[in-house]
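Colleague: So the protein lines, in turn, are chains A and B.
For reference, each letter of the first sequence is one residue, going 1 to 731 in my numbering.
For reference, each letter of the second sequence is one residue, going 732 to 924 in my numbering.
Keep in mind that the hints were calculated from the coordinates and are not lab data.
A portion of the hints provided could be inaccurate.
In silico BS3-like cross-links for lysine-lysine, where the CA-CA straight-line distance does not exceed 25 angstroms [unchecked claim]: (1) A:Lys705 x A:Lys719; (2) A:Lys655 x A:Lys458; (3) A:Lys335 x A:Lys705; (4) B:Lys869 x A:Lys702; (5) A:Lys705 x B:Lys918; (6) B:Lys918 x B:Lys869.
Each chain, written out:
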Amino acid sequence: MNANCLTDEQLHEVASSLESAAADASIILHLDHCELCQQRLESIASTSIDGDLPWVGLRTPPQSSANLIATIDQLSNRSAAAGRKGSTRYDDLEPWLEPSSDNGATTLDSYELLECVGRGGMGIVFRALDPTTNRVVALKAMAPDLARDGKARARFLREAKAIASVRHPNVVTLYSVNEVSDLPYLAMEFIEGESLDAKIGSGESIEPAEIARIGAAIASGLAACHEQGVIHRDIKPSNVLLSQPDSTVKITDFGLAAVASTPTLTQNGYLSGTPDYVAPERLTIGSEADERSDLFSLGCLLYAMSTGEEPFGGDTPLITLHRIATERPVPVRVKNPAIPAPLERTIVALMAKKPKDRPVSAQEAQRMLLGNRPLSQSRATATRRWTMVAILMMIGVLSAAVLTPSSNPVSERVIVSTSRELESALTTIADGGEIQIDADGTLAIRPMEVVGKSLTIKATDGRAPQITLMLEEDDSPPDFLLRVSRGGLHLVGLSLSDDFQLRMHPERDENIEDIIDAESYSLVSIENSAFSAKQCRFETQSLGCCVELVSSENAHVSESQLFASSGSAINWSAESGDRLVLDDCVAACVSAIVATLKGRAELEWTESTTLTDIAAIELTHAAGSLVAEVSDCVFQSQEALVMTSLKSQSVSQFKQLLTWRGVSNRILGQELHIADVERPQPWTRHVAQWALTDNNSTYLDKLFKLPHEEVCSQLREGKTAESLLLGKAPR
Amino acid sequence: MPVTTRLSLITRISDSEDSASWSEFVNLYGPFVYAIGRGRGLQDADACDLVQDVMREVAKSVDRFDTNPELGKFRSWLSVITRRALMRLLEKRQKQAIGTGDTANVVALSNTPTPEDEEFWEREHQRHLFHWAAERVKGDFTETTWRAFWLTAVDGLPATEAANQCGVTVGAVYIAKSRVASRLREKISQATA
């Protein structure tokens with residue numbers, strides 16, 4: 001220790017100061033260089049419990065699930081003592097409670113509290129007596145925690161007043177809305193009966209006629225409220241009551257959900273709340289719910305009544321959200337053949353991912369459920385019309401070429417340098433032709449579709465063109481940037497991207513929701529066509545994917561990067577014999593390959609680096625099987641390497657589904673990790689359990705020098721995977 | 732470090748009036764018990780049952796627990812309760828499975844190498860305490876301070892590398908790390924005391 005070294009007191013002070021206390025510049029300067037003082041400071045900061053720093057490698061947060069969150073919620077809402085007695089706690093309401101002068105009963109703003117019947121995230125509900133009318137009411141007081149927030153309080157009161165104006169047999173009647181010392185509370189009709197949640201949870205199946213009756217009643221109640229401009233926002237079984245003795249449907253908690261129960265990400269990325277019934281358009285930041293969001297939730301609720309299961313139920317809220325955004329649930333009649341086809345169609349229509357594909361109103365939904373009117377066909381076809389309209393508008397008469405591919409052939413190779421030329425060439429190019437882009441920078445094009453032709457699009461050597469999606473103000477959301485069906489597409493040296501945020505008008509933000517619609521959008525959509533991409537870069541900001549492959553016999557992606565921060569790299573719908581090759585690729589996305597297998601498909605994945613939030617391979621609703629040859633790859637997945645959404649498969653079924661042949665991979669985690677979102681992990685030691693072979697692979701706690709998100713963003717910025725990896729590549 | 736003057740968590744949860752402490756306890760140890768259950772091969776729903784079971788048991792027997800602020804003692808008590816509940820659950824499942832003939836799953840369960848060793852418990856426990864505390868103290872620091880801490884203490888990077896990435900000096904990284912570490916430890920020791 002030399003004379004300049006810091007004293008113990010100085011070090012203690014540094015370590016225990018708050019953030020705001022700026023350390024003395026001379027102290028920082030000294031710590032920059034003096035290893036001795038660095039060590040001393042370390043040991044001072046860590047003397048308190050167990051010596052050295054124990055947090056290295058604890059990056060992965062503890063496993064959680066929606067179920068666990070609910071369990072913890074339920075448990076923590078009882079005190080240890082109350083847990084024994086079975087009552088519900090409400091001691092945080094203490095400051096507002098008073099003993100009644102007459103009979104010693106506890107009162108809140110003159111209401112006599114008879115019994116606490118429940119507590120949710122948002123409020124505490126009592127059975128109470130209204131002394132002026134002598135009527136028994138349900139009194140709901142806002143949770144004091146929430147009431148402290150002036151904005152939440154104001155919103156609660158505003159919404160409540162709107163609901164108070166609704167009088168409908170299927171909506172719980174709100175008698176009054178009040179506030180006492182900054183604590184808002186509602187007095188509502190007290191319903192004797194059970195919640196729909198309890199009915200579904202009882203395990204008994206519900207008759208289709210009863211499902212339709214309950215659904216129609218909810219729709220009728222929703223219609224009355226929508227008329228008053230009130231959106232429920234949280235339609236779910238626990239918010240629907242069946243009153244005794246005649247099972248009259250009563251919707252409760254109308255509109256109040258907005259105050260508290262939107263699923264939210266906390267600082268550490270945990271989700272709170274159960275998102276099972278949330279409409280996909282509400283997952284977009286800043287989006288507002290509208291009437292049709294309630295209809296989506298109604299569809300989910302009918303689905304749950306019909307099958308006994310939540311349509312998107314995932315192991316964690318994040319998985320559920322991802323599925324809401326990207327997946328169609330297993331058809332109702334697959335799970336319960338007793339459901340009549342028209343009811344299933346109505347449920348499917350209500351659960352359409354895009355709001356505009358749902359029934360136009362709650363009344364319409366009610367009519368459909370009552371069977372008075374067949375499902376309107378016009379909406380289903382409306383979505384596909386977009387491309388044709390765009391092409392016709394752009395190039396007028398030439399659009400005939402799209403419809404009749406063999407006519408109007410042009411030269412074998414077209415050189416283009418502007419967006420307009422590219423659009424035109426895409427329309428006129430002959431089968432087998434090549435478009436060469438001789439330009440740098442951005443070429444913004446409208447969504448383009450090519451049918452029945454095979455074509456190559458490549459950059460002139462040394463050029464770096466970026467094809468991006470252009471949308472006009474009045475455009476309806478597209479399903480793709482580029483689609484080729486019954487032909488072939490070969491891309492070389494191109495960058496393809498979309499940038500919705502930049503191109504949307506802020507005042508039309510509902511459009512953004514539509515565009516980021518998850519279900520069907522892809523940058524490149526390939527149907528019944530061969531596909532290859534070499535030295536290309538794909539980046540989508542949507543919840544969709546970079547490349548969609550439908551019945552594509554042969555797809556080959558090499559030396560390319562695929563980025564989809566909210567979606568997947570490749571959505572692969574494969575028939576028997578279809579083959580997908582990924583070689584020397586980098587992917588950073590939610591899941592890399594989302595495969596729907598209709599037959600035995602083959603995947604060859606080599607020398608690639610893949611970072612995913614959920615899984616490198618997701619197998620959804622598969623009827624076929626996958627043979628995966630994976631070698632010299634690096635996988636870092638925050639959930640699992642392979643995830644399946646198959647239910648109740650046995651080991652042998654699973655082995656039939658996936659044949660994994662891995663060689664020399666580097667994988668984050670203890671072992672080859674396979675999870676089933678329905679029948680969750682950990683099935684630790686999977687290699688042994690599933691007899692999957694992964695030869696000469698290494699399983700590491702840490703693959704990259706930086707945190708996951710940081711690696712993804714640096715890759716997007718053009719850093720190579722090698723430069724970010726710890727140690728040398730495994731090949 | 733300030734000397735903790737708070738009552739031990741156990742003493743507090745046995746106090747029937749102190750529901751906030753109970754809630755804190757459930758939030759802190761519920762996910763831990765869940766992870767232990769999942770580590771033993773339980774499925775989501777079963778692991779949640781385990782949490783219910785253990786918490787009920789804790790609520791029931793906490794009065795009898797000889798209050799001792801020593802952390803180790805409490806943890807072994809919780810471990811005994813958890814193991815007992817786990818055995819009950821597995822037995823129940825085994826009986827059900829035999830009844831339905833679906834024994835494959837249970838066999839898989841009991842064949843799963845059990846991470847029963849202290850190391851696994853210790854590691855999971857640390858993970859829970861750490862993330863539980865991190866979520867609560869993160870807001871007290873600027874992003875750079877937090878990142879400098881995270882890169883060095885969690886990701887295990889050398890201070891020089893973290894300094895590079897955060898655009899601050901090495902000394903500042905050490906200071907950031909020591910401050911967050913102190914705060915986390917304080918939070919954890921308060922909660923578990």
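Colleague: Evaluate each hint against the coordinates.
Modeller: Comparing the hints with the structure gives:
Annotation: proposed proximity of Lys705 of chain A to Lys719 of chain A holds, straight-line Cα distance about 13 angstroms (limit 25 angstroms). For the hint pairing Lys655 of chain A with Lys458 of chain A, the CA-to-CA distance comes to about 41 angstroms; that exceeds 25 angstroms, so the pair is violated. Our distance criterion of 25 angstroms between C-alpha atoms is broken by Lys335 of chain A and Lys705 of chain A, whose separation comes to about 46 angstroms. Between Lys869 of chain B and Lys702 of chain A the alpha-carbon distance is near 23 angstroms, which keeps this suggested pair within the 25 angstroms criterion.
Between Lys705 of chain A and Lys918 of chain B, the direct Cα distance comes to roughly 29 angstroms. Violation of the 25 angstroms bound is thereby established for this hinted pair. Note on Lys918 of chain B and Lys869 of chain B: the hinted pairing holds, with a Cα-Cα distance of about 11 angstroms set against a maximum of 25 angstroms.
Hint compliance for this structure: hints 2, 3 and 5 are broken, all remaining hints hold.
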